[in-house]
Amino acid sequence: MTKGNAIAVLILGILIILFPQVTSDNYILTIGIFVGINALVAIGLTILMGYAGQISLGQAGFYGIGAYMSAILSMNFGLPVLFSIIASIIIASLTAVIIAIPSLRLKGHYLAVATLGFGEIIHIILNEWGPGGPSGFGDIPSFNILGYHLSSTVEYFYLIWLCIIFVMIFSLNLIHSMTGKALRAIHDSEIAAVTLGINITKLKIKVFVLSAAYASLAGALYAHYVTFLSPSGFSLFYSVLVLMMVVIGGMTNIWGAIAGALIITILPEVLRGFKEFDILVYGMILTLSLLFMRKGIVPLVVETYKKWTLR
Amino acid sequence: MRKIGRLLLFLLIFTALIFFSSTNSFCKEPYNIGAIFSVTGPASFLGEPEKNTVLMLVEQINKAGGINGHPLKVIIEDSKSDETQAVLAAKKLLEKDKVLAIIGPSTTGESMALVPIMTQAQTLLISAAAGANITQPVKERYWIFKTAQYDTSAVEAIYTYMKKQGINKVGIITITTGFGDAGRKALIEMAPKFGISIVADERYGPKDTDMTTQLVKIKSAGAQAVINWSVGPGQVIVTKNWHALKMGIPLYQSHGWGSKKNLELAGKAAEGVIAPLGRLVVWEKLPDKHPQKPILKKYVTEYEARYKSEPGTFGGHAYDALMMVVEALKNVGPDKKKIRDYIETKIKKWPGTGGIFNMSPNDHCGLDMTAFEMVIVKNGDWEILK
Amino acid sequence: MILDIKNISKSFGGIRALKDINFSVKKGEIHALIGPNGAGKTTLMNIISGVEKMDSGDILFKGMSIKALPPYKRALMGLARTFQNLEIFGNLTILENIIAGMYLKNQRGFLSSGLMIKGINKDIIEKSSSIIEYINLSHRKEEIAKNLPVGEQRLLEIGRALATEPELILLDEPAAGLNTRETKNLSHLIQKIRDEKGITILIVEHDMELVMGISDMITVLNFGEVIAEGEPLMIQKNPQVISAYLGED
Amino acid sequence: MTLLLQFLFSGLTTGSVYALVGIGFNIVYNSTSIINLAQGEFVVIGGLMMWFFLEGMQLPFTVSLSLTLLTAALIGLLMERLTIKPLLKKGDLLLMIMVTIAISILIRGILMFKFGKDPYTYPPFTEGEPINFYGAIITQQTLWVIGITAVCIVLLYLFFNKTMIGRAMKACSLDVRAARLMGINVSNIVMLSFIISAVIGAIGGIAITPISLMEYDKGAMLSVKGFCAAIMGGLGRSRGAVAGGFTLGILESLTAGYIHSGFKDAVALLIMLFILFVRPAGMFGKAEILKLRKF
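Order-wise, the sequence lines are chains X, V, Y and G. 12 is the number that the numbering used here gives to position 12 of the first sequence; each next residue is one higher, with no gaps. 348 is the number that the numbering used here gives to position 348 of the second sequence; each next residue is one higher, with no gaps. 114 is the number that the numbering used here gives to position 114 of the third sequence; each next residue is one higher, with no gaps. 258 is the number that the numbering used here gives to position 258 of the fourth sequence; each next residue is one higher, with no gaps.
A few of these clues could be false.
Taking lysine to any residue pairs in the SDA-like style, the calculated list, with each CA pair at most 20 Å apart, reads [what the hints assert, rightly or not]:
1) X:K307 / Y:S11
2) V:K96 / X:Q21
3) V:K268 / G:P124
What the hints contain is simulated information worked out from the structure, not anything from laboratory work.
The task is simple: from the sequences and hints, build the whole structure.
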């Protein structure tokens, strides 16, 4: 991790600690929680797309596996929530390996449609065999550790953003390591990377699994926060939403994931005032931001700032 | 130095968020009620009339002087047919608007997602969705009520009628959404009680375009009748396919069928379709002394005059929910616990649009199969079956 | 012998690009592969580095058959290459390009990378910097690679290949797009690599002056077949080679 | 046997729309290498605008038809000129795909604003009793859908092989640079491809609406299914998309008929994945073609 990033993480940490002190409004904190959950999924996809150059339209599937597995394990098998979350991450990661091996041989549109296919199959499975079927199921135990139940929104806010801090540190370390260089090498030229002795297949699978692990962690946290699950939240629509976060935030910078999650999650809330028009305004904002901020917000801000200081 | 740029961005967005979310108006001591409906998204056909109904009622109530002099303010939130959005909306209503009670959401899933939140906030929720597990087990649903009839009641009405017709073997076709799934479960569970066997169990997706295959399978399984359980365009497509195939066995629809729009869309194909419908749809054909008739007449005519469309049974669920809360407020004032208790104990033989409600500590819905009339489509209109 | 090419054949959609190719590269030599356009030189390079599969034949590297190995394993054994149509990592800086090349000898697991048990240490940076100095790109160290002129991009590819600490480098038309001065520098660099680092070089090149100037041995391909082999002076006089280059055109 | 026939016809009907959407994908893909995920929205535009002119404004059938196709063409044109053209020079394909998603959301918003959330329908093209075909019952509209799809395929084939513009478009899809050197205005070709794909989507919508109704948010599902059809047939191959579309429709119908209707989408997806892994170039494509594609 570079010095700049270390300071950025520190600032993020301070912001997180301060935020609930500034606003005691549970509604805003709840939005903060969902921003965090989405950011977790988006961080994984940013590494996969921006650094390893692999597209995925199936993140909702892993998000769903994380949520459903953790819920089922803690509800039906009485596993402590912490363990059920870990177990669900492992299950999602194993699924990711199985999916990655055939899929990652494909490129571009083909990879996109293959991951889309897997994501939708997982969605159908949840619909057909998930507890409660399409209607979903409730009464999932809320997050608890060593007998202590997290009951307030503030506690959940801290829990989720603590996870993000860890995930950010891990991810920033990773992309600034030798492995990170290798990943970016794969992004720019697979053929050159492989002749330099980089086992691209293995690395791609690993990144894919990492993104699945982040998504499943997010799903599990979602399940134990909302305590109700139904398959509708884990469809292709969510995968597209995450993709949108990554692109709008800027996929060449991992901070873009958080910025993208922030914007895409908050936008509908802000647009509540528009009532019926919101989908129209939403589509308009997405289109315009894609047209005029091609690189995404964070890289744009960084670049503008650099240009500005150079003057 | 780039982190300063990042920091600025963060601050900018947070302030924007705070700015946008604090747009409260300053009325003089209004009673704040929250409403969460699926105004957009796949379940928007529910949320739309519900929202309209509430807007209309609030205007009427305030024009008539409000509730004991207090203006009524209903803050309507769109859940976009999505549970996460419903949770966010509920949090906003509870925390920001400090509402006394929430009516809605429109679907079972969204309602279920709100159960823990409402329980924790100790605030009344009157859902407009049908699922039985919204209010059951009652002990764990202390703060939760609903105004939509149970799916099981609709199934009961259908099966009772079928027995009279001598039908023993049915094929069911359901949509793969919460509504269809709940109906499917009820149909399968209750069949043995009526001595009915389900010979085919077919499904289709909410955006499917053709159900011929499923219907042909039902026919070839030897069913004496088809029951379709869905809302939205699916029920019209099934009706059209059923008509085109000349299946020779009757088609039953769920209680979601009760919209004139369906008759328009299906045209001739709808002739002979049977469904258990709330009296709202057929109020004109009710005998004058029926206790629901005056309410229905007022509601439906006013709604149609105002919105140039029919409210449907769903709008009625919102009507009942809001009127219950209003009545409670009138009698016990702005006290969350008292409002809840009033609804549990005082809503007895209470004629609403959905039926005659009898709430009790054991039943937070208060409707049974008598809320339905069996209705057949004849000459492009409804006709009550005896 | 460091590299033995044995009976390699390859066809594309019915057209035989390579017919029964045989030749060997001696350790420590600069071996050139020449021939008119379409002779199959790049295909052969791709087959040796493992990027493309051959139909039949065998490749021995340091006496071992590598035909079944994926490209990255060949790299592990000490085989590196550059590309005719430049495959630099465009969005990385020069330094990062070289560091990526050092991945081979400095691999880290995912977990240890993420937990920063072993990051990119000073040692790696120093080694990379010395390679950049070696290829005379120190003044460009922190620049984004895609902004470099072609000549420097070619140097970068060679530097990146060196970073893997190979025993044999395949250079695929390293002088394409270079001016005379750059070509001269290149030929010095190639000789320096062989002389100072003892790395064997197999070079495909069109620039005859460069080839004749630095090669110890030349193999000539035409229409997918070896038509001549020998020292530069011999090849220059070979009538078959002359007709291949002048004849049909 | 009757059952099978019935399933097949049911599959052909849905498959027709998938095929038309798939062809639309391919036409745009060939000229730009973009996957236009707003493709399904044109089907919805077709159905809803047709209703608007036919039932809403009570215009005669042919007038309504031409106006609907004109509207779709105009929207396709606007979409290309306003969003795709400025981005095309930059060549970031992923960004362009995201833009098409954003546009599909925008179109959905506009349609909802104009038409509300109710489904719409209008009478079949010809009134009359369904046809009994060896025991299988086929409505006249089903025949219309299949027939119109067939006519579209033939017309497109003639267009791409017999007309100057069509050949120019084909040349563009093979090699943009060479096409430019030959004096073809590539920018106009791209625009034309968007217009044609929009019109084809709208035709599908116009034909299917009497059977399946149309509402503002049906497009996303159609985009996904049409995309699958295009992939199954091999991206960029219009005849492949036709085969892919019909295969997908029939597979869905057969799964619903013989296995279980709950799994029909899953089986279709599994088969698509199988084709992807075994023959990524599609059922009929050659592997070499894949290598020519940058994305």
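Broken hints, by number: Checked against the structure, the only hint that fails is number 1, while the rest are satisfied.
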